[in-house]
Amino acid sequence: MRKAVIPAAGLGTRFLPATKAQPKEMLPVVDKPAIQYVVEEAVRAGIRDILVITGRDKRSLEDHFDRSFELEFYLDARGKHDQLKDMRAIAEMADLHYVRQGEPLGLGHAVSVARQHVGDEPFVVMLGDDIMIDESRVLTEMLGVHERYGRSVVALKEFPRAEISAYGCVRPEVVDESLVRILGVVEKPPPEEAPSTLAIMGRYVFTPEIFDALEHVQPGAGGEIQLTDAMALLLQEQTIYGFPFEHGRYDIGKKIDYLRAMVELSVDREDLGPEFRAFLADFVQRKKLV
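Counted from 1, the sequence shown has number 161 at position 161 by our numbering; the numbering is strictly sequential.
One should not assume that every hint holds.
As the list claims (entries may be wrong) - BS3-like, lysine-lysine: derived pairs with alpha carbons at most 25 Å apart: (1) Lys157 with Lys188; (2) Lys188 with Lys255; (3) Lys80 with Lys32.
To be verified - Quick list of simulated restraints, FRET-style, between CB atoms: (4) Asp76 with Glu177: 50 to 58 Å; (5) Arg44 with Gly79: 29 to 37 Å; (6) Asp82 with Met262: 21 to 29 Å.
Hints are computed from structural coordinates only; laboratory data are not their basis.
Virtual Cβ for every residue (Gly too), placed ideally from N, Cα, C.
Go ahead and model the full structure; you've got the sequences and the hints to work with.
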């Protein structure tokens, strides 16, 4: 597996006004933009050829992963060599490419834009709203499943039935304790109609046949092309597996989860954790939250 695709063309309306003049993927999670966590996860899984699907006003994404000679000169001149090393590492961690999605026609359309770059080979899709902590091996395990079966694999997570309508949902058939075969998929079903409580998360390993399926998908509500509809078509031709997992994900597209990520990732940092934990303990005591 050589290539990953990161759709990053969304408008970030859930975080307005913060995203009015900057991409939501550049919102900081502690001291790194969200998209850097996703790129680092791909690199940890051995993938260095990464295509980012962008839109208008997303130029700062490209700037972040490029060299900044003025900044490097400043850091070098002032002896800030550790920071200089970190800044250069960002530009050297992967081979990043960029292509624009001309108009916001849905996740399925964004993935289809990657066809020319990906070619006739399997690839990974990683959604920027989902970040995985360093210890997470979800993507690595999914690549192992693909290597074993030669088929597409999607990440799944259990949710309360009352929340399942916010996600794509699958009808699963158990293969073993860590793997299911997907028999059907539906986008954001009403809780009473959901085929299970396993929701599709933002990590996919696709065979190239997904592009043919995307070509045949009809636009749905709002004129958007749904990736789940393409998966349903692909299921008619070949098996898709689901990889359930429990921990390690933050959905930073949701404000509450964004805040949770900021807190939990901060308290685990050696440089920030002790002082921040002390602050939180004092804050809880002062506000009488427990």
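Kindly confirm whether 21 to 29 Å is satisfied by the beta carbon distance between Asp82 and Met262. holds (23 Å)
Between Arg44 and Gly79, does the beta-carbon spacing fit 29 to 37 Å? Cβ of Arg44 to Cβ of Gly79: about 31 Å, so the range 29 to 37 Å holds.
Do the alpha carbons of Lys188 and Lys255 lie within 25 Å of each other, as the hint requires? Holds - the C-alpha atoms of Lys255 and Lys188 are around 20 Å apart, at most 25 Å.
Can you let me know if the beta-carbon spacing of Asp76 and Glu177 is within 50 to 58 Å? holds (52 Å)
Taking 25 Å as the top limit, are the C-alpha atoms of Lys157 and Lys188 close enough? holds (14 Å)
Taking only the CA atoms, is the gap from Lys80 to Lys32 under or equal to 25 Å? holds (18 Å)
Checked against the numbered hints above, the structure breaks none of them.
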